[in-house]
Amino acid sequence: MTIEGTQEYSINMGPQHPSTHGVFRMVVHLDGEVVTKVEPKIGYLHRGLEKIAESRTYAQFVPYTDRLDYLAGPHNSLGYVQAVEKLMEIELPERAEYLRVIFAELGRIASHLVMIASGSLDICGWTPWSYCFRDRERILDLFEMTAGNRMTPNYFRIGGISHDVPEEFMPALKSLLDDMPELLEEYYGIFFGNEIVQSRMKSVGILPKELAENLLITGANLRASGVQYDVRKAEPYSIYDRFEFNIPVLYGCDTYDRHLIRLFEIQESSKILRQALRDIPDGPVMAKVPKVIKPPANKIYHRVENPKGEMGWYIVSNGTTKPARVRIRTGAFVNVQMLPAIIAGWKIQDLVTIFASMDLVLGEVDK
Amino acid sequence: MVSNILRARVGELAVRVNGAVEESLGELQLTVNYTDAIEVLTGAKNFEDVPCDFLHDLCGMDLEDHLEVVYQLSSLHGPQRLRIIARVERENPVIDSATCIWKGSDFLEREAFDMFGIQFRDHPNLKRIYLWDDFEGYPMRKDYVVESYEQRAIMRVRKEGE
Amino acid sequence: MDALNNVFVNIADAIRGLFADSHSFGADLTINIIVFIMLFLIMVVAALFLSLVERKFAHWVSQRPGPNRLGPHGWFQFIADAVKMLGKEDITSANADKFLFKIAPMILVGITLMTFGVLPFGKRMVAINLDLGIFYFLAVSSVSTVALLMAGWASNNKYSLLGGLRAVAQMISYEIPLIFSLLGVVMITQTFNLSSIIEAQKTVPFIVLQPLAFVIYLISGIAETNRAPFDQVQGEQEIVAGPFTEYSGLRWGLFMLAEYGNVVATSAIAVSMFLGGWNGPEFLPGWLWFILKMWVIIFTMMWIRWTFVRMRIDHLMHFAWKILLPLSLANIFLTGIGIYIYQLLILRIGG
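Residue numbers (this note's numbering), protein chains in the order written: chain E, 378 to 744; chain A, 823 to 984; chain R, 7 to 357.
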């Protein structure tokens with residue numbers, strides 16, 4: 378009996394794999410080297426945070442929020458504490474707002490550095506990876522000097538922040554910002570200017586604009602497909618309306634643009650940081666908050682621009698100290714749907730590159 | 823801040839589907855029955871001047887006597903926002919799937935099914951997403967009994983001579 | 007300087023003198039066994055040492071300190087690595103094809119050792135002075151493709167199979183530019199014997215006469231040894247070490263030995279054919295010049311590895327078939343024309 382033709386086979390890029398960014402499993406159906414279908418299977422890091430939130434008080438839930446997108450430490454708490462403050466209608470002192478913006482933008486830079494670094498690591502470029510991590514260490518040192526913890530500082534509180542920054546913080550931040558343009562040039566030259574990188578990433582993994590809007594993609598992936606939308610400009614929260622910054626947009630829709638746009642976003646974040654550093658006033662860092670936080674029975678949906686996408690917090694309170702429902706809409710969870718939609722026809726090596734460009738972190742995907 | 827045009831359009835839509843409109847903390851909310859969910863979503867997507875064409879979030883909610891599916895709509899072309907709450911029965915929670923309007927609601931609906939047990943009609947692949955396929959029960963419902971510490975502790979006791 | 011130049015030859019002669027007839031079968035056998043052991047030791051030491059040098063170099067490029075705990079500045083790290091590797095459990099997958107699984111690393115090491123046999127480390131310091139030198143080298147090193155395919159198939163693992171097939175595709179494609187680039191040198195010297203080729207470079211190394219061939223040879227050599235940017239055989243981020251996935255402990259150590267042995271062999275051939283072998287100014291012995299030049303090539307190969315990212319498989323094949331092959335053919339053509347013109351001129355001028 379002769380068997381004619383070739384056969385499709387399926388490979389399991391399982392939860393433990395050198396290049397999936399965390400415990401992510403996908404069943405990849407292949408025809409030779411060409412991918413025909415990908416089925417993502419998530420849930421390996423599911424910790425049931427939404428259920429936990431229903432049995433914790435509002436203030437007790439804040440440390441859990443840091444563990445969502447653990448690469449952008451303090452940024453996740455921002456959405457939650459702001460949502461609760463909206464429910465309770467608390468006004469924050471100015472210094473607290475500025476410090477929150479500083480920490481949030483530092484978290485954004487840290488997260489984007491990891492994204493560029495791991496995108497380069499996935500195609501065996503060890504040098505850009507170590508350069509990005511060397512600079513991420515400086516940001517983590519800033520977190521450690523303030524709050525004691527590097528990746529999950531647990532620094533924000535409902536009504537402000539926990540304590541004021543130490544004296545070494547501002548000079549260290551200033552020196553980091555002074556070095557930033559040179560570092561960005563370095564990253565551009567060593568990674569984005571490399572011909573082989575360009576040949577592997579340009580025109581690979583095209584995500585057209587209409588498909589991106591239909592798939593509900595948010596964040597930098599959407600901006601790399603030509604939609605200029607950022608929650609910080611569309612619906613400014615905190616004091617973002619006081620800062621002058623641009624929203625970078627690229628129209629290539631491919632993997633290269635998705636990586637490049639994060640480099641531009643680091644640049645914009647450092648602009649915001651410089652302005653915040655210049656304008657920050659002195660004063661208290663915590664508002665007058667009642668000892669027991671009991672918001673009136675109401676519902677609120679608050680959105681923030683997380684480095685990975687848009688994070689939405691839907692908090693329903695029923696007048697007691699514990700919330701009735703805390704719903705966390707994470708950008709990475711919805712962005713996973715991009716992978717099965719655009720992967721057909723690319724090779725395994727492109728699968729790795731496209732996956733890296735989606736910038737997932739499993740803490741957010743699995744909650 | 824809710825613009826007057828948006829208030830007007832939502833009011834018209836509410837009259838059409840017999841829903842209730844509320845406004846608090848600067849957000850509009852429209853409560854409908856589950857049978858009209860798709861009609862309301864398409865209607866909101868096609869509002870004139872203020873289309874709410876981006877489904878930001880889809881989640882389930884457990885109130886004592888009924889379940890709810892909460893849709894948070896926003897837009898990429900303007901500041902309009904709308905929350906749509908669809909009441910679903912508790913005994914037999916069925917609602918039409920929104921994947922015909924937005925493909926991206928696929929995973930969100932799978933999560934609502936996984937956590938609350940809400941069946942979405944015409945969903946391409948309604949399976950559990952976070953928990954394993956043979957899991958029994960729907961964790962986010964209020965009547966789900968979480969394993970107590972005593973029960974967990976029992977499994978950890980070592981037998982003698984092990 | 008002559009004494010230093012010939013120190014190894016003199017030792018060999020002394021050992022031969024211990025026998026009654028210094029060219030008897032017994033003497034030859036003894037010398038051959040000693041040379042074989044020395045080559046094996048060179049390969050092992052090179053592999054261990056090179057792996058450490060590679061790590062140190064990589065970390066220097068990436069601005070990291072590199073291994074710096076064991077020994078002075080971490081130079082004893084390879085001892086720890088070797089001991090660790092020897093002490094690992096020998097796991098063979100249950101459904102693997104046991105015979106092929108076990109034999110694949112042995113074949114790879116054997117082939118590398120065989121190619122070491124024709125490398126001229128100095129004047130009259132060749133293990134086997136074959137007249138077919140370079141031809142033998144290319145023929146034997148092509149067999150390593152089969153060994154990788156064996157490793158890929160016998161592991162009973164889809165990742166390994168993918169890696170093995172990629173290895174076949176890549177190595178076969180890059181054999182051809184490799185061979186054609188060396189053909190130019192052979193056309194000039196009219197011989198395959200490596201020692202004669204080095205003797206012919208007394209006045210000017212062939213890199214001056216064949217720069218294009220040198221570049222093509224270097225690129226193809228990197229591709230043949232499966233190093234970055236051509237290392238998608240051991241994808242490591244996609245197919246998790248390709249054919250080497252299921253190997254652990256000493257079997258994996260044998261693969262690494264073969265890989266670094268191949269690096270040494272490739273750079274030795276590059277030095278012999280293009281850079282003048284053991285020729286060099288008199289203040290250093292010949293074999294030391296050979297080693298230094300080899301180091302330059304190895305350094306270049308490492309530098310390329312840690313700067314460039316991996317190429318995609320279809321770009322790789324496109325590069326081999328559509329760019330390197332026509333270039334190497336053009337090189338042969340130009341070399342032929344050059345030789346013809348040179349002979350015409352010599353006949354004219356020489357009278």
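Fair warning: there could be bad hints in the mix.
Simulated pairs of lysine to aspartate or glutamate, EDC-like, Cα-Cα distance not exceeding 20 Å [as the list claims (entries may be wrong)]: (1) R:K164 x E:E590; (2) A:K964 x A:E913; (3) R:K164 x E:E416; (4) E:K463 x A:E849; (5) E:K699 x A:E861; (6) E:K418 x A:D884; (7) E:K428 x A:E958; (8) E:K551 x E:E416; (9) E:K610 x E:E590; (10) R:K328 x R:E181; (11) E:K610 x A:D955; (12) E:K724 x E:E471; (13) E:K428 x E:E416.
Quick look at which bits of chain A chain E covers, simulated, 3 or more residues with Cβ under 8 Å [as the list claims (entries may be wrong)]: (14) 853 to 867; (15) 909 to 921.
Hint data in this document are derived by calculation from the structure and do not stem from the laboratory. For each residue, glycine too, the CB sits at the ideal point set by N, CA and C.
key: Violated hints - listed by number, lowest first   = The structure breaks hints 1, 5, 6, 8, 11, 12, 13, 14, 15; every other hint is satisfied.
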